[in-house]
Amino acid sequence: NAGVTQTPKFRVLKTGQSMTLLCAQDMNHEYMYWYRQDPGMGLRLIHYSVGEGTTAKGEVPDGYNVSRLKKQNFLLGLESAAPSQTSVYFCASREHGTGQETQYFGPGTRLLVL
Amino acid sequence: SQQGEEDPQALSIQEGENATMNCSYKTSINNLQWYRQNSGRGLVHLILIRSNEREKHSGRLRVTLDTSKKSSSLLITASRAADTASYFCATDASSGSRLTFGEGTQLTVNP
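If you read the sequences in order, they're chains A and B.
The first sequence: position 52 = 375 (our numbering), numbered continuously.
The second sequence: position 43 = 50 (our numbering), numbered continuously.
Think of the hints as simulated: they come from the structure by calculation, not from any bench.
Every residue gets a Cβ at the ideal spot worked out from N, C-alpha and C, and that includes glycine.
Incorrect hints may have been included.
Stretch-level coverage of chain B by chain A, calculated; a stretch enters the list once three of its residues show a Cβ under 8 Å from a Cβ in chain A [what the hints assert, rightly or not]:
#1 22-33
#2 75-85
Pair ranges (Cβ atoms, derived) [unchecked claim]:
#3 B:E22 x A:P430: 21 to 29 Å
#4 B:D73 x A:F333: 38 to 46 Å
#5 A:G363 x B:G66: 41 to 49 Å
#6 B:T71 x A:G376: 25 to 33 Å
#7 A:Q340 x B:R87: 29 to 37 Å
#8 B:S46 x A:D349: 41 to 49 Å
#9 B:S75 x A:V383: 39 to 47 Å
#10 A:S407 x B:T115: 27 to 35 Å
#11 B:R87 x A:Q423: 27 to 35 Å
Straight-line alpha carbon distances no greater than 30 Å define the calculated BS3-like cross-link-like pairs of lysine-lysine that follow [what the hints assert, rightly or not]:
#12 B:K33 x A:K337
#13 B:K77 x A:K380
#14 B:K33 x B:K63
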């Protein structure tokens with residue numbers, strides 16, 4: 324199993340450009356998450372999904388949109404990138420239910436917005 | 008705002024010593040988890056302790072939870088240089104499904 328994969332690994336954008344980050348998992352997990360991590364800080368939840376076709380806002384959703392059209396994929400979109408969105412983005416997934424609370428993380432996408 | 012706050016922010020020890028990291032949180036929880044992050048990599052789950060548990064062990068890891076004080080500690084015994092990483096606590100509150108992460112402790116184990 325590849326686990327959780329993220330593409331791209333690194334991207335440079337100019338202010339105002341748009342892009343989509345792709346997260347894919349092959350573990351048939353119900354729940355998927357997008358986090359951002361800024362220097363010296365922990366992870367902050369952007370959006371998450373508890374199943375195919377559903378999405379919900381996390382702690383810092385402004386400036387981002389998400390879609391979960393297929394169970395194995397969770398897309399994070401930036402419609403008009405801003406320098407404040409320079410960060411490392413992590414995707415995670417987990418199964419639902421008690422006893423399945425562990426989240427499995429991808430390797431991250433480094434985004435630089437100039 | 009971050010649910011968890013970790014202490015210390017950075018810890019430097021010699022190989023073979025024990026490392027203790029602390030985590031405090033604000034609201035009631037279902038469980039508390041510890042994750043490890045090597046530089047430039049994703050997070051890896053270490054251990055989970057439920058709100059009705061007080062102590063849990065996994066290999067060289069020992070986690071305690073005091074729900075009355077809303078705090079947890081992670082002890083790594085007989086540390087190795089390979090334990091050098093950032094360690095994060097994450098709380099799963101009553102709403103379920105979501106984790107809230109602390110800011111992490113950067114552990115350096117010197118050979």
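Results of checking the hints against the structure:
no.: 1; hint: 22-33; in the structure: violated (count 0)
no.: 2; hint: 75-85; in the structure: violated (count 0)
no.: 3; hint: B:E22 x A:P430: 21 to 29 Å; in the structure: holds, 27 Å
no.: 4; hint: B:D73 x A:F333: 38 to 46 Å; in the structure: holds, 41 Å
no.: 5; hint: A:G363 x B:G66: 41 to 49 Å; in the structure: violated, 29 Å
no.: 6; hint: B:T71 x A:G376: 25 to 33 Å; in the structure: violated, 41 Å
no.: 7; hint: A:Q340 x B:R87: 29 to 37 Å; in the structure: violated, 44 Å
no.: 8; hint: B:S46 x A:D349: 41 to 49 Å; in the structure: violated, 26 Å
no.: 9; hint: B:S75 x A:V383: 39 to 47 Å; in the structure: violated, 31 Å
no.: 10; hint: A:S407 x B:T115: 27 to 35 Å; in the structure: holds, 30 Å
no.: 11; hint: B:R87 x A:Q423: 27 to 35 Å; in the structure: holds, 30 Å
no.: 12; hint: B:K33 x A:K337; in the structure: violated, 39 Å
no.: 13; hint: B:K77 x A:K380; in the structure: holds, 26 Å
no.: 14; hint: B:K33 x B:K63; in the structure: holds, 21 Å
Checked against the numbered hints listed earlier, the structure breaks hints 1, 2, 5, 6, 7, 8, 9 and 12; every other hint is satisfied.
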